[in-house]
Amino acid sequence: MIQYSVQKTISTESFRRTKGWEESTILLLEGEGLTCRTMNYMLLGMSVSGLLELPGNAADYLKAFNQLLHEYEYHSTHEPGSVAGKPKMVYTIRINGLILQQRNFFKPVKGAPTRRSEGNTETFFAGENTTNPSIYTYLNLINLVPFPHYPLVGRC
Amino acid sequence: MTQPFEPDFVQTYCSLLVVLAEAYQHILSVTTSPIECTQNLMVTFQKVDEKIRKNILGWVVKEIDDYCRAETQSELDGLEKFISIASPS
Numbered sequence: 001m002i003q004y005s006v007q008k009t010i011s012t013e014s015f016r017r018t019k020g021w022e023e024s025t026i027l028l029l030e031g032e033g034l035t036c037r038t039m040n041y042m043l044l045g046m047s048v049s050g051l052l053e054l055p056g057n058a059a060d061y062l063k064a065f066n067q068l069l070h071e072y073e074y075h076s077t078h079e080p081g082s083v084a085g086k087p088k089m090v091y092t093i094r095i096n097g098l099i100l101q102q103r104n105f106f107k108p109v110k111g112a113p114t115r116r117s118e119g120n121t122e123t124f125f126a127g128e129n130t131t132n133p134s135i136y137t138y139l140n141l142i143n144l145v146p147f148p149h150y151p152l153v154g155r156c
Numbered sequence: 157m158t159q160p161f162e163p164d165f166v167q168t169y170c171s172l173l174v175v176l177a178e179a180y181q182h183i184l185s186v187t188t189s190p191i192e193c194t195q196n197l198m199v200t201f202q203k204v205d206e207k208i209r210k211n212i213l214g215w216v217v218k219e220i221d222d223y224c225r226a227e228t229q230s231e232l233d234g235l236e237k238f239i240s241i242a243s244p245s
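Going down the list, the protein sequences come from chains H and V.
In case it helps, this note's numbering puts the first sequence at residues 1 to 156.
In case it helps, this note's numbering puts the second sequence at residues 157 to 245.
Hints in this document: simulated from the structure, not taken from any laboratory.
Computed from a prediction, not measured in an experiment: that's the story for all the values here.
Do not take every clue at face value.
Unchecked claim - With a straight-line cut-off of 25 Å between C-alpha atoms, the simulated SDA-like cross-links for lysine to any residue are:
id : chain 1 : residue 1 : chain 2 : residue 2
1  : V       : Lys207    : V       : Asp222
2  : V       : Lys207    : V       : Cys170
3  : V       : Lys203    : H       : Ala59
4  : V       : Lys237    : V       : Ala226
5  : V       : Lys203    : H       : Leu54
6  : H       : Lys63     : V       : Pro190
7  : V       : Lys210    : V       : Asp221
8  : V       : Lys210    : H       : Asn66
9  : V       : Lys203    : H       : Glu73
10 : V       : Lys207    : H       : Glu53
11 : V       : Lys218    : H       : Ala58
12 : H       : Lys63     : V       : Asn211
13 : V       : Lys207    : H       : Ser49
14 : H       : Lys63     : V       : Ala226
15 : V       : Lys207    : V       : Ile241
16 : H       : Lys63     : V       : Gln202
17 : V       : Lys218    : H       : Lys63
18 : V       : Lys203    : V       : Gly214
19 : V       : Lys218    : H       : Ser76
20 : V       : Lys210    : V       : Val175
21 : H       : Lys63     : V       : Gly214
22 : V       : Lys203    : V       : Ser185
23 : V       : Lys218    : H       : Arg37
24 : V       : Lys207    : V       : Thr187
25 : V       : Lys207    : H       : Thr35
26 : V       : Lys237    : H       : Leu51
27 : V       : Lys218    : H       : Leu54
28 : V       : Lys218    : H       : Glu73
29 : H       : Lys63     : V       : Lys207
30 : V       : Lys210    : H       : Ser49
31 : V       : Lys210    : H       : Ala58
32 : V       : Lys210    : V       : Thr168
33 : H       : Lys63     : V       : Gln195
34 : V       : Lys210    : V       : Gln195
Using the sequences plus the hints, can you model the full thing?
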């Protein structure tokens, strides 16, 4: 038994040295898009962690979670400026004179048709109402792309 | 813009998985009773689960699978050369 254990340890160490499995595991994921993917995963994690503090019921939470993943799917599969698909909502930010179109899925474009303007009185969240839009206002603070990392993501 | 540090992919990915696990746990915490699990709620949950599998887990699983297939193929190719040398007939 001891001999088997020693052999197993030696063979495992030999495999690690010869194959370099740890480095290989990293290398297989490395590529020109690794930085972009890392940033995307980090942004998604930050966005999901914001949803965890969302007050409300399960339906609202799952709706927000689903919408967040939907926007992340669009964000990760479409390059900025792509005409393959249009985001539902666009938020304009201005940095040092530059005008950047940042997508903020909880904040509609000014003047753009929304669910309410189209005559749909049903609100997105069950806990939201027009007199006390606390949840809606809170969700405005959650962006899929936080400001400090936007230029890096834009380059990817 | 100068980045303060380069985020590590493995650490970032593991942290994301931890956050997603907490997000799944949060679903249980906000669901107080089984009566609240309506059909619409289940459909929404299935959409969320499908998106996570497709966009987050699918890529990594596919790349590891491709890598393992390529490594296995290269090992088999090396073994085939060895067999052909050992038995030239």
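These are the hints, each one checked on the structure:
At roughly 21 Å between alpha-carbon atoms, lysine 207 of chain V and aspartate 222 of chain V fall within 25 Å of each other, so this suggested pair holds. At roughly 18 Å between alpha-carbon atoms, lysine 207 of chain V and cysteine 170 of chain V fall within 25 Å of each other, so this suggested pair holds. In summary, the hint linking lysine 203 of chain V to alanine 59 of chain H is supported, as the alpha carbons are separated by about 13 Å, within the 25 Å threshold. Distance check on the hinted pair: lysine 237 of chain V and alanine 226 of chain V sit about 17 Å apart at the alpha-carbon level, within 25 Å; holds.
Restraint check for lysine 203 of chain V and leucine 54 of chain H: the C-alpha separation of about 19 Å stays at or below 25 Å, so the hint holds. With a C-alpha separation of about 18 Å, the suggested pairing of lysine 63 of chain H with proline 190 of chain V holds against the 25 Å cut-off. Straight-line distance between C-alpha atoms of lysine 210 of chain V and aspartate 221 of chain V comes to about 15 Å, which keeps the hinted pair within the 25 Å bound. A distance of roughly 13 Å separates the Cα atoms of lysine 210 of chain V and asparagine 66 of chain H; the hinted pair therefore holds under the 25 Å criterion.
Only pairs whose Cα atoms come within 25 Å are accepted, and lysine 203 of chain V paired with glutamate 73 of chain H is accepted, the gap being roughly 12 Å. At most 25 Å may separate the alpha-carbon atoms for a hinted pair to count; lysine 207 of chain V and glutamate 53 of chain H meet this at roughly 21 Å. Distance check on the hinted pair: lysine 218 of chain V and alanine 58 of chain H sit about 32 Å apart at the alpha-carbon level, beyond 25 Å; violated. As the CA atoms of lysine 63 of chain H and asparagine 211 of chain V are separated by approximately 18 Å, the hinted pair is consistent with the 25 Å bound.
For the suggested pair lysine 207 of chain V and serine 49 of chain H, the alpha carbons sit about 17 Å apart, so the restraint of at most 25 Å is met. Note on lysine 63 of chain H and alanine 226 of chain V: the hinted pairing is violated, with a Cα-Cα distance of about 40 Å set against a maximum of 25 Å. For the hint linking lysine 207 of chain V to isoleucine 241 of chain V, the alpha-carbon distance of about 50 Å lies beyond 25 Å, and the restraint is violated. Proposed proximity of lysine 63 of chain H and glutamine 202 of chain V is supported: the alpha carbons are some 11 Å apart, at most 25 Å.
With a C-alpha separation of about 28 Å, the suggested pairing of lysine 218 of chain V with lysine 63 of chain H is violated against the 25 Å cut-off. For the given pair, lysine 203 of chain V sits about 15 Å from glycine 214 of chain V by alpha-carbon distance, which is consistent with the 25 Å threshold. Taking the CA atoms of lysine 218 of chain V and serine 76 of chain H, the gap is near 17 Å; set against the 25 Å cutoff, the hint holds. In summary, the hint linking lysine 210 of chain V to valine 175 of chain V is supported, as the alpha carbons are separated by about 17 Å, within the 25 Å threshold.
The straight-line distance between the Cα atoms of lysine 63 of chain H and glycine 214 of chain V is roughly 22 Å, inside the 25 Å bound, and the hint therefore holds. With a C-alpha separation of about 19 Å, the suggested pairing of lysine 203 of chain V with serine 185 of chain V holds against the 25 Å cut-off. Simply put, lysine 218 of chain V and arginine 37 of chain H have alpha-carbon atoms about 15 Å apart, close enough for the 25 Å limit, and the pair holds. With a C-alpha separation of about 21 Å, the suggested pairing of lysine 207 of chain V with threonine 187 of chain V holds against the 25 Å cut-off.
Pair hint lysine 207 of chain V plus threonine 35 of chain H holds up; C-alpha atoms about 22 Å apart against a cutoff of 25 Å. For a cut-off of 25 Å, the pair hint linking lysine 237 of chain V to leucine 51 of chain H is broken: about 56 Å separates their Cα positions. Straight-line distance between C-alpha atoms of lysine 218 of chain V and leucine 54 of chain H comes to about 33 Å, which puts the hinted pair past the 25 Å bound. With a C-alpha separation of about 17 Å, the suggested pair lysine 218 of chain V and glutamate 73 of chain H falls inside the 25 Å cut-off, and the hint holds.
Taken as a hint, the lysine 63 of chain H and lysine 207 of chain V pair is honoured in the structure, with Cα atoms around 13 Å apart against an allowance of 25 Å. A hinted pair counts as satisfied when its Cα atoms are at most 25 Å apart, and lysine 210 of chain V with serine 49 of chain H qualifies at roughly 20 Å. Of the pairs offered as hints, the one joining lysine 210 of chain V and alanine 58 of chain H holds, with about 23 Å between alpha carbons and a cut-off of 25 Å not exceeded. Only pairs whose Cα atoms come within 25 Å are accepted, and lysine 210 of chain V paired with threonine 168 of chain V is accepted, the gap being roughly 18 Å.
Taken as a hint, the lysine 63 of chain H and glutamine 195 of chain V pair is honoured in the structure, with Cα atoms around 14 Å apart against an allowance of 25 Å. A C-alpha spacing of about 22 Å is found between lysine 210 of chain V and glutamine 195 of chain V, which places the hinted pair at or below 25 Å, so the restraint holds.
The earlier numbered hints that this structure contradicts are 11, 14, 15, 17, 26, 27.
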